[in-house]
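Protein chains in written order, with the numbering used here: chain P, 1 to 163; chain U, 1 to 124.
Keep in mind the hints are simulated off the structure, nothing from the lab.
Cβ atoms here follow ideal geometry from the backbone N, Cα and C, with glycine treated the same way.
Only true hints are included.
Reference listing, derived: stretches of chain P covered by chain U, where coverage requires no fewer than 3 residues with Cβ under 8 Å from a Cβ of chain U:
id : stretch
1  : 6 to 19
2  : 39 to 50
Beta-carbon label-pair distances, calculated as ranges:
id : chain 1 : residue 1 : chain 2 : residue 2 : range
3  : P       : Thr121    : U       : Glu108    : 19 to 27 Å
4  : P       : Ser11     : U       : Lys59     : 21 to 29 Å
5  : U       : Arg76     : P       : Gly103    : 40 to 48 Å
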Amino acid sequence: MPEKLKVDTPSDREIRITRDFDAPRPLVFDCWTKPELLRRWLTGPPGWSFVVCEVDLRVGGAYRFVWRGPDGTEMGMGGVHREIEPPERIVNTQLFDQDWTGGEAVGTLVLTEKEGRTTSTNTILYSSKAARDGALKSGMEQGMEAGYVRLDELLNQKRASKN
Amino acid sequence: MELNSYGQSIPGSLDATFAALADPTRRAILARLAEGEASVTELAAPFRMSQPAISKHLKVLERAGLVSTGRDAQRRPRRFETQPLLAATQWIEALESSFQRLDALLDELKATQPKRHPTDRKKK
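Full structure from sequences and hints, please.
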C-alpha cells in the first residue's frame, strides 16, 4: 500500500505535500504532465471536472487548468514552466484566477524512485506568509466543502435505503 | 484570532494546528481535555510541570483554536475545540481522494505498459 499523504509547512511561506506511489517515476511524471492523464485524476472535489486542461511542457511554456463545479461555478489557475527535467523535476509558477494567494506562487515537484516506487514531493512557495495562510485557509474550506458534500451523499443513501 | 491579508479571521490556520500538535505535552493536554474540561491547576497536576509552563502550552493550543476558555471566571476551565482538527483532516482527505484516483490510474498504466525491469517478481 502507498505511504500516507503528508502535509507540512517547512517554512513560513511554504506548504509541502508528500505522497508515495506504487509505480515507476516516468509513469508518475506522465500523470503530472500529460493533459489526457491529468484529466483523469486532478479533478478536484466530488462533482467537479476539467473544462480546460492544457500543458505546454517546455521551459517558458504555459499551462492552464479550469474546473467546473456541479452548480456551474468555474475555478481557474495557470502559470509558466520554469524548469523541466523529466522524469524527476518540474518548477512552475502558479496563479489562481481568484488570486486568493495574494500573487504568484512557485511550485516545485520532485519525484524520487526506489525499487519501483516513487515519492512525490510537491512544495509550493508563496509570496508571503499571509499568502501562504490564505492558501491554507481556502484549501481547508474546500476540504470542508468536499467533506460536507460526501456527508450529504452518505445521508441521502441512508435515507434512500430506509424507504 | 489573527487576520490574514484579506482581513478574514483565521481562528486557527492549518499551520498553527500542525505546530500545536507537534508537541507531545500539548497532545497529552488535548487528550486530557477530550475527557472533559479542566482548569490550569487540574491540567498541571499529572504533568509534573509548573502552571506557567502549562499556560504557555495552552496559549499555543488557544492560538490554533484547539482550546477555548469557559465562562467560570474563577476556574477558567479549558475546553477542547475539535473544529480546526476537523478542517485539517478534511482538507487532507480531499487531497488524498485525488491521489487515490492517481493510484488507480497508475495501476492501469502499469498493466498496459511494457515492463522496464525484465525480472518479473511475481508471487507464486
